[in-house]
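Those sequence lines, one after another, are chains E and D.
Per the working numbering, the very first residue in the first sequence carries number 1; after that it's consecutive.
Per the working numbering, the very first residue in the second sequence carries number 1001; after that it's consecutive.
The hints are simulated quantities; they were obtained by calculation from the structure and are not laboratory data.
Accuracy of the hints is not assured; some may be wrong.
Under the rule of at most 35 Å between Cα atoms (straight-line distance), these lysine-lysine pairs were calculated in the DSBU-like manner [stated by the list, open to error]:
| hint | chain 1 | residue 1 | chain 2 | residue 2 |
| --- | --- | --- | --- | --- |
| 1 | E | Lys208 | D | Lys1241 |
| 2 | D | Lys1087 | E | Lys133 |
| 3 | D | Lys1241 | E | Lys78 |
| 4 | D | Lys1017 | D | Lys1241 |
| 5 | E | Lys261 | E | Lys10 |
| 6 | D | Lys1240 | E | Lys208 |
| 7 | D | Lys1017 | D | Lys1087 |
| 8 | E | Lys56 | D | Lys1006 |
| 9 | E | Lys150 | E | Lys10 |
Single-letter residue listing:
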Amino acid sequence: MIEIKNISLKFKEGKNETLALNDVSFDIPECCSYGFMGSNGAGKSTLMRIISGVYKADSGTVFIDGEDVFDNPAAKSKIFFVNDETVQFTHYTLSELKEYYSVFYPTFSDEIFLSMNNVFKLPLNRRLDTFSKGMKRQAIVIIGLACNTKYIMFDEAFDGLDPSAKLYVRKAIAEHMSDTGATVIISSHSLAEINELCDCAMFLYGGKLLFARNLSDNYSGMCKIQAVKLGEEITREAVFAVSDAISSFNTVGSVTTFTFKGTPEKARELFAPFKWEVFDIIPVNLEELFVNEMEMMRNEQNS
Amino acid sequence: MNRTLKTVRANLILQKKLFIIHSILSAVGLGMTVLGILADISPFIGIGCLLFAIAYFMSVLAVKNTFCDMSDSRLCDMIQSLPMSAKQRYVTKLFTLLLGYILPFCFSTLICLIVAILESSIGDDETAQITASLFLPFVLELFAVSVAILSNTCCGRSAECVYFSVILAGLFSAAPKLFFKNNIARPSGITRGLKLPSIFTCWGVPNVFDDLSNFDLVMNIVVNMLISCLVIFLCWFLYKKRDAKTVGHAIAFDLFKYIVLFMCTAVIFEWGAMGSAMAAILVAAIFYTIISIVISRKNRSMRGFIFSLGFFAATIAFLFAFKYAGYVSEGFGVGRNSFIFTDTSNIGGRISVTLYSKNGDYYNESTPYYYYFHLQDENAQQNELNKKMKTLCEYLDKNHIPSDISFFDYLNGDDYGRYNVSVSADWRYNRTLTFPADKMSQLASFLEEQGFSEKESDSLLTFP
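Start from the sequences, fold in the hints, and give me the full structure.
Okay, structure coming up:
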């Protein structure tokens, strides 16, 4: 298990300071796929660098299977980090890259490497700088999976891939997880990808953790309400007068939809005075959750 | 160890072009230099030195490539996430430089040495000289590498890693001698014979060539190598302390930035102050501004500019204070009672007017007056001569004026004026003292009383 405890980190350049992560704590369980979500600059890549031992946090620690990861080769050998760039590998051929990484990772599997390359069919003896962006990304995915570490992190894993390559990579990752029981951590802007691939996800906003949960759970902290009041248009002001824990408010004729941050019971109780003809509570999907959390944060900041 | 060697191999594969070109340049450069020395063909020596200079610059690039995780965030992610500790990474980098760039230099040196010995009928002394000379390029390579490692551990951007390596090499080479000459030797009046101990001067590009006696050369080479190794060892602590967050920043440690800016300003100021103090300040200000702007790039602000201006002013004020202290204390006391005589059987000296003052304005006249005095008595007892010399030196030390020119004339590079008395018994030592005009006739009487005689004067000085 990866335990992330009270991680805070500031970037300083001269007199300028930027708080990249603010007291982030959550656990990444074994044998799961974990999605890192957040807008640009939210701190996803920074957190990944801390988890892989590249950055040392200003405060807090990251433990991989009980061992502090920073400057600890034993803990680092359990995790492989693929960042969102591919240019660093361009001087190598795929064969040389395989040789290079097999030096560092005793768990490196030639079998996985060959089977993966059979899927992607990349040339082994051509330098990576002659590859297209998508091919480079595929090459790194092959290497990452062949290193056969317990934890693999992909920062923007599907960036630059065409739809068919995306499908291949997704399939390869899913098969690898089921074959080896590895934990895969993926950061992506595409919520559909996270939704499709991940069991768990966390959401960062401005360096702050908004939630970290299992995606199969109901999003108990939030519910989407679809209500009908015949012959009357419910105004935004009227609903916000009852509670300010509302986002994504929309009304078309007599149909009103909005998201409420709270339990369904609380929603029924709070909005009962409107005497709705229909009052349905439907589960929110990941995308709605993402948008709502963002909106709530913005509202909070504006207020 | 196996992993280290494999990593070194992988690093060298990445830099194979640089590695091959560097090896060829250094081998051909060394070969041409040796051939030039043995066959006495100067153009070969010149071309050999040029090839060395290119090879040294390539070493700087090689260090930058080897320490690429310090200046390239993408490579930093790749390298620093590998299961290696900071110590293992540093050792691997050193091995890469050792095997890829330093040992080939050693190998070329060895081959050239064997050829030189086999192909010439040189004596033992010359063999030692040639051996030492052949080691100079290797020593300079080690110097270039150590300075580049220091720059790479302290800088976070590729450009800074490269140009700081070049700037620092120049500063480390020039600074000790320049400071010593301007602030100690010059105000002390000792024009010959006073030297900064080798330990302060031998680390740098031109300094290993200073003492060409075999022993001094070998000592300089050994000390130079030891200092380079020490710097590389100390860089390990900086590397360990260095945070990957500073990758992409011009300078990783603020203190380093100020040390470099201070050194840069000081060396340019000292160099310029040999001509004119105002010009020196101007040139130093231009260099300081350029480096500050390049370092800060997009992070420039009015507050930063004011702070930077304040730092420059403080540096110049410190340099003025330091120079003033050197001026009033005659080179921090180094000049006082510093006559040294190794051969007292043949003491001589001269009194001259090299700079003459009219209404306080100094102008140079080419030594219009001389008065040579001489003491030579082969029958005299050594003790007696020593005693006479001691008396003379005490007299000179007591009666000279510490500084006959104003501080600002001194700052502007003027030498000491009025009547200069130099005494020397040993060609390796000379000190010039300034005497007031009204004491010159007393000095003449004193010399006469002590048995010093006038010798072959071009034109007798008429004392006022």
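- So which hints don't hold here, by number, going up? none
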